[in-house]
Amino acid sequence: MKNIKEKFHLQIIIGTSLCMSLFFYFLSNHYFLDDGPSYRNAKNLIEDASFDIGRTPVYPLIIASVRLFCEDPYLTHIIVFIQIAIFILSIPFFRYIAFTIAQSDKISFCTTLLYACCPHIIYWNRCTMTESLAATGLIFFLYYIIRYLHTNKYQYIMKFHILIFFLIMLRPSLLYLIPIIIIFWGYILIVKKKIVDFSKGIFFTIVSILLILGYATGIKKEINVLSLTNVSIINQYILFSQSGLLDNVVRLSPVSFELDNFNEIQPEEEIAILTSKYGYKIINDFLQSELKYNFKGYLLAVFSNLQQAGKKLVFIPGGFQENDNSSIGEFLLKSIVAINLFFLQLYVFLLFYVIIFIYIYLKNRKLLLLPVLLWMIVCANLAVIFLGAYGQYSRLMVPVYPIIILMFGVLACFIKVKIQSSIVYNRK
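To convert a position in the sequence shown, counted from 1, into this note's numbering, add 278.
Keep in mind the hints are simulated off the structure, nothing from the lab.
Among the clues, some could well be false.
Straight-line distance between alpha carbons at most 20 Å, and here's what the computed SDA-like set of lysine to any residue pairs gives [unchecked claim]:
| # | residue 1 | residue 2 |
| --- | --- | --- |
| 1 | Lys498 | Ser510 |
| 2 | Lys644 | Trp463 |
| 3 | Lys437 | Ile456 |
| 4 | Lys574 | Gln520 |
| 5 | Lys555 | Gly332 |
| 6 | Lys499 | Lys559 |
| 7 | Lys590 | Asn502 |
| 8 | Lys555 | Glu536 |
| 9 | Lys590 | Val580 |
| 10 | Lys590 | Ala661 |
| 11 | Lys437 | Gly464 |
| 12 | Lys384 | Ala690 |
| 13 | Lys472 | Leu488 |
| 14 | Lys285 | Ala363 |
| 15 | Lys644 | Lys570 |
| 16 | Lys499 | Val509 |
| 17 | Lys570 | Asp525 |
| 18 | Lys644 | Ile634 |
| 19 | Lys590 | Leu622 |
| 20 | Lys437 | Ser486 |
| 21 | Lys570 | Gly666 |
| 22 | Lys694 | Phe627 |
| 23 | Lys283 | Phe371 |
| 24 | Lys559 | Ile501 |
| 25 | Lys384 | Gly293 |
| 26 | Lys641 | Leu689 |
| 27 | Lys559 | Phe329 |
Working from the sequences, and respecting the hints, build out all of it.
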């Protein structure tokens, strides 16, 4: 009876999510975000087997595969429908994760409903960009980790490592999954005392690292810098420029003298001019030398960005434009944006969250792995944003939207347990 009820609830959630996805699609299908010509012209990657210095290969290859069967104007619509389908498919997996963490039907139902019907997430599904697949990919990643913990089957170790490689090749900003999974295997070895599992797991981790390094070596042949793309160099330059770190540079590089020639142009234009003249190697060396010389200024800039972000919104739907009143869809979108969370509130939430689990550990000498894993992913994602690409924060936050929702479920579970224990204590 319980299984029938759970299936019915899940069907309601999936049905509602599908209706919302189609509603937003047809309401606003005139406006799709697109992330550059390298995604749209990805067919060259298959035909020429060449490296694209601006894009890792997964998303271009997905587009190229669809392009084998159809061209514009249908291509974009097919990609969007694929992303919507994968998102809908992820809902039962999210439900499984939510229930595993909260151990409560009501809380898992509410968090799953919030994930499945969150317009901030649904709107990104309609953009031909990597955000949608990165968000759903992290859900599948967590699912396979939980399945491994429940079953001890090695097939799940292999599956979530494949997903790690897939996600990093989809979106290099998710490279933080590597240190997180190394910490995970440290937990398996030290706390769980599973030496065989640790050995097999760390083997797959090393294989993943070698594959990533292999791809980065291919990019190095193109730009002479060991990196997955040139985007990290571009973002670092923009961060330095917008933070004023290039105003008083050390005159040891020819690049530093070029900066005096830039008047009233955007950092994006500056870096394009510099890389075309000097190449990425010299620009990267220049930025690294400035970082060493003015590391204190860099940290102050990061802290300043943290403060500025406190007043900014965490959840930004794809396609949101503040000054666009052109359609009902955009008007509705602005209404959706109003239901949100500020970064300052997120900081407080993350601090409160970790204090709770430190308290639980000190009281019970028990480390709750999955809730801590969620916290690590969100904090690592924030570190990537504020240390290297603050200007892209609205997009870089998207993959952890579902993780934040799961964390609210964890917090709700903790509050529920405390209330129940308080009631029992008072009755005594």
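Against the structure, the hints:
no., hint, result
1, Lys498 / Ser510, "13 Å, holds"
2, Lys644 / Trp463, "17 Å, holds"
3, Lys437 / Ile456, "15 Å, holds"
4, Lys574 / Gln520, "16 Å, holds"
5, Lys555 / Gly332, "18 Å, holds"
6, Lys499 / Lys559, "11 Å, holds"
7, Lys590 / Asn502, "37 Å, violated"
8, Lys555 / Glu536, "10 Å, holds"
9, Lys590 / Val580, "15 Å, holds"
10, Lys590 / Ala661, "16 Å, holds"
11, Lys437 / Gly464, "19 Å, holds"
12, Lys384 / Ala690, "10 Å, holds"
13, Lys472 / Leu488, "24 Å, violated"
14, Lys285 / Ala363, "19 Å, holds"
15, Lys644 / Lys570, "40 Å, violated"
16, Lys499 / Val509, "16 Å, holds"
17, Lys570 / Asp525, "15 Å, holds"
18, Lys644 / Ile634, "12 Å, holds"
19, Lys590 / Leu622, "8 Å, holds"
20, Lys437 / Ser486, "12 Å, holds"
21, Lys570 / Gly666, "15 Å, holds"
22, Lys694 / Phe627, "17 Å, holds"
23, Lys283 / Phe371, "17 Å, holds"
24, Lys559 / Ile501, "7 Å, holds"
25, Lys384 / Gly293, "18 Å, holds"
26, Lys641 / Leu689, "17 Å, holds"
27, Lys559 / Phe329, "17 Å, holds"
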